[in-house]
Amino acid sequence: MNAPRRKALSHAAGQPSRWLAAALVSAGTLGISAQALAEDPIKVGILHSLSGTMAISETVLKDTVEMLVEKQNAQGGLLGRQLEAVVVDPASNWPLFAERARELLAQHEVDVVFGNWTSVSRKAVLPVFEELNGLLFYPVQYEGEESSENVFYTGAAPNQQAIPAVDYLIDEMGIERFALLGTDYVYPRTTNRILEAYLKEEHGVADEDILINYTPFGHSDWQNIVAEVRRFGSEGKPTAVVSTINGDANVPFYRELGNQGVDAGDIPVIAFSVGEQELTGIDTGPLVGHLAAWNYFMSVDTDVNYDFIDAWIDWTGDEEAVTNDPMEAHYIGFNMWAEAVRKAGTTDPDAIKDAIIGVTVPNLTGGYAAMMPNHHITKPVLIGEIQDNGQFEIVWQTPSTVAGDAWSDYLPGSRDLIADWRAPMRCGNFNVSTGRCGGSTAAEEAEAALAE
Amino acid sequence: MRSLLFLWLLVLLVMPLTVHAQTSANDEAAIELLEALDVDSFPAKGEAIEAIVASDHERARYWLQSLLDGRLQRADDGRFVVVLDNTGRDWPVEDALTGEALGEMSRRDLDRISINNALRNQLRSAIAVVDLYSPDLELRRASAERLLGEVDAELAEPLEALIAEEGDRRVSRRLAQALAIHRLEQGEVEAVAELQGSLHPRVRVALARAASGAFDSRAVTGDDPVVADAAQAALVSIEQNLRLNRMAETLYFGLSLGSVLVLAAIGLAITFGVMGVINMAHGELIMLGAYTTWMMQQLLPGQPGLALVLSVPAGFLVAALAGIAIERGVIQFLKGRPLETLLATFGISLILQQLVRTVISPQNRTVVSPEWMSGSIAINDALSLTLNRMVVIAFALAVFAALLLIMRRTRLGLEVRAVTQNRAMARSMGIRATRVDILTFALGSGVAGLAGVALSQLTNVGPNLGQSYIIDSFMVVVFGGVGNLWGTLVAGLSLGVINQILEPWAGAVLAKIIVLVFIILFIQKRPRGLFPQKGRAAEG
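For the record, the sequence lines run as chains A and B. Each residue of the first sequence is one higher than the one before, starting from 79 at the first, in this note's numbering. Each residue of the second sequence is one higher than the one before, starting from 1213 at the first, in this note's numbering.
Keep in mind that a hint or two might mislead.
[As the list claims (entries may be wrong)] In silico negatives: residues of chain A with every beta carbon more than 12 Å from chain B:
{"no.": "1", "residue": "Lys121"}
{"no.": "2", "residue": "Gly296"}
{"no.": "3", "residue": "Lys315"}
{"no.": "4", "residue": "Ala327"}
{"no.": "5", "residue": "Ala422"}
[As the list claims (entries may be wrong)] Mimicking SDA-like on lysine to any residue, the simulated pairs with C-alpha atoms at most 25 Å apart in a straight line are:
{"no.": "6", "chain 1": "A", "residue 1": "Lys315", "chain 2": "B", "residue 2": "Glu1406"}
{"no.": "7", "chain 1": "A", "residue 1": "Lys315", "chain 2": "A", "residue 2": "Gly252"}
{"no.": "8", "chain 1": "B", "residue 1": "Lys1724", "chain 2": "A", "residue 2": "Arg271"}
Don't read these hints as lab results, they were simulated from the structure. All values reported here derive from a predicted model rather than from experimental measurement. Glycine included, C-beta positions come from ideal geometry on N, C-alpha and C.
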């Protein structure tokens, strides 16, 4: 290659500088593309809303995955190849999620996708991932009742969050009355249905001791509901609020609680959607003692967690930056995927699907998370109390990790279903009483979710 | 004389030293008390707290309070310290035994002695019992409040003496009630008289339990359910009273929601109602006002109250300037083309939202409530009015009055009315219509900014703030009658009250739908709203 280039240079002696520059540029690009051919980067797709209502929660997850990708590259990448993050913005628009997912898989040909927050957006992308055989790591606690061959659920299923939380209220705090407050959409409604069935069947809680209330997204006038809860709680029995109130609406809710003097000592509120990120918008002074159930808190006292926090603060350049549970889920999911790639020696989706089951990686709470055959992972359940500095104090945790259950044991339709993606079963909704596999219902579910 | 003073000073100087010497002598005991707290099991910690209370140690209350606040921690070297400020990575601490400042320690080297809600309740009660003897009136009041329904036989004895000695009427009445609950539980029928008429939930719970006959078995009067009957009679009048209070509460909730609607809509009543400009970016002007409040609080750290007061003019200015920019940049070119104005301003609203997301953050910002806007004023034991809402109601009325004054009494108001009623005629009379347009739009936008300042105290300060109020604002203005400020006030307040009355039995989602359907039907019947403009002006 050297000889012809010299020849070209001597030919162009008339305008040496211009030709020299052109030759150097072409040589340079040639060199780069040759290198790129040898080590085509592994593409990591990120499907999180960076604009619209969900940007408040999802932007940090995009940053988390980018940080993990960079860290992996600093350690030499995977299989000797560099990683490259491909970011798209589905703009909190559920049908757009499906389009962007298609763009990632078909156009950018990414090897794996980390993304989604709301259940409806996950339902929207399901058929796309199943059709194009992509891999999706979903990092948020959700309502369960789903197991797809192409999705790995690294957030909590109801039995890893809601059920242990209610057990804590009953066993440790002696609560007898429950106000189930939620935002009006699929996650709170399904979770509350499971909880209501669980409370009645397993703990014999009477009908009049359960109050269920739904509010619209972004509800901001909580006066009446908080007053109602206050009255509900002043009937003499120990009362707690189980909150599946989503995102934004929590700030005015907690503010109203504080102003109306609902103290955690009298009526504790246990929340499933309030983490460190949500608390950054609230003055937590009046909220001390209210609870949240998660699988990770920023206040977890382990060195691996402190390292993660320091890395995060360095990455964001913000001393006040907080970490939260879905970020840990991405951390676990990313490491599991990387481990599976190493194990399989390829990024081929089918090979990864086989390799990843049983993969075990450290979590940030000092234990290990394992990928189960139903594509859910094992997690410890932690109960934390809000502190005045916007952090949670861990007051209780399960003695060991809990494996995620895709199909709830407390709902009539899902009691008999199990998911197992190992050969020979390879089914997400196997009915043990009829011995049949229900097959994929992703397309109908997506349609139903988007129609709402 | 001077030597005597000197001697006295010397004594003062030496005294702490001797006290110090004494404490180091009983340091062992103190450390032992604290060691007992540093265990994993919460019940064991509960026992350790009891031990500290029983020890009567001079720092006992300080330890309990620090433990309650989560500031009692153990350093890696085994010393017990109290954290003074737990923000950031390194925290200033002091020695728990001596109160001596120890500089800063890394949070990695500190282990918090964690407590849960049960322990927190236990600590509060323990501190309340200690505070009962405190010379500080506020502490005694809080303590009496806390002890209601928590008096046991052990506490009942000293309580009687304390009630007799107590100088403050509120404290003595509370303590008397607390004692009465205890006596009621013992089956003393006389206790009912003391509790008669009290609206406190704990009193009601005690009476309800008594009415069910729970305490009669212990009564000395035999089989007669005396206590139950007396309690039942007391309950009936209490319930009646409670119902009245509940109605007053709903009315207050309604007025407060209504005042929020009025605030959000009143700027629109000017730009849309008076000028006829459909400004979809109105919500984002509200958002700018809210962000101004946040900015002011960032500029004046530690003084949230002052920052909030200064935000009122600042929020007005920022939103007004943004309004002028929108008017000059876009709206003036689209005069008389409502559809295009709607689309263009909707675009502006999206641009402003994304601008805030990119420049500031997609996350919500914390706006702190000043002390005087947190909590509530208790009218009685069942009815307390939240302070932040009260301030917002007053603020909404003040803004309304000021706007009314401007529109009715100032030259600008006169010119605005002239221009909107007949633009050509007004111009031929020498009014500079363009200038009036700018000023009117600035005024309407500025008022939206004021709404943002108020809303920052009630809801999220985030990029989506404006979106949630734009529909409601248009609803109020149309319902009230376009071009009529009084209509906006009446419409806002009545929609608020209707919503709050509906909410308890229809649920928040359905209540909103019902209100919307009601407005649609109303507009069908009376297209010009509650207070239609009359006369020739209305035709133009």
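Hints versus structure:
Every CB of chain B lies more than 12 Å from the CB of Lys121 of chain A, the least distance being 25 Å, so the non-interface label holds. Its closest Cβ contact with chain B, about 5 Å, brings Gly296 of chain A to no more than 12 Å, contrary to its assignment away from the interface. For Lys315 of chain A, the non-interface assignment is contradicted: its Cβ lies about 9 Å from the closest Cβ of chain B, within the 12 Å cut-off. Residue-level check failed: Ala327 of chain A sits 8 Å from the nearest beta carbon of chain B, not beyond 12 Å.
For Ala422 of chain A, the non-interface assignment is confirmed: its Cβ lies about 36 Å from the closest Cβ of chain B, beyond the 12 Å cut-off. This hinted pair checks out: Lys315 of chain A and Glu1406 of chain B have alpha carbons roughly 24 Å apart, not beyond 25 Å. At roughly 9 Å between alpha-carbon atoms, Lys315 of chain A and Gly252 of chain A fall within 25 Å of each other, so this suggested pair holds. The suggested pairing of Lys1724 of chain B with Arg271 of chain A holds, with an alpha-carbon distance near 24 Å, which does not exceed 25 Å.
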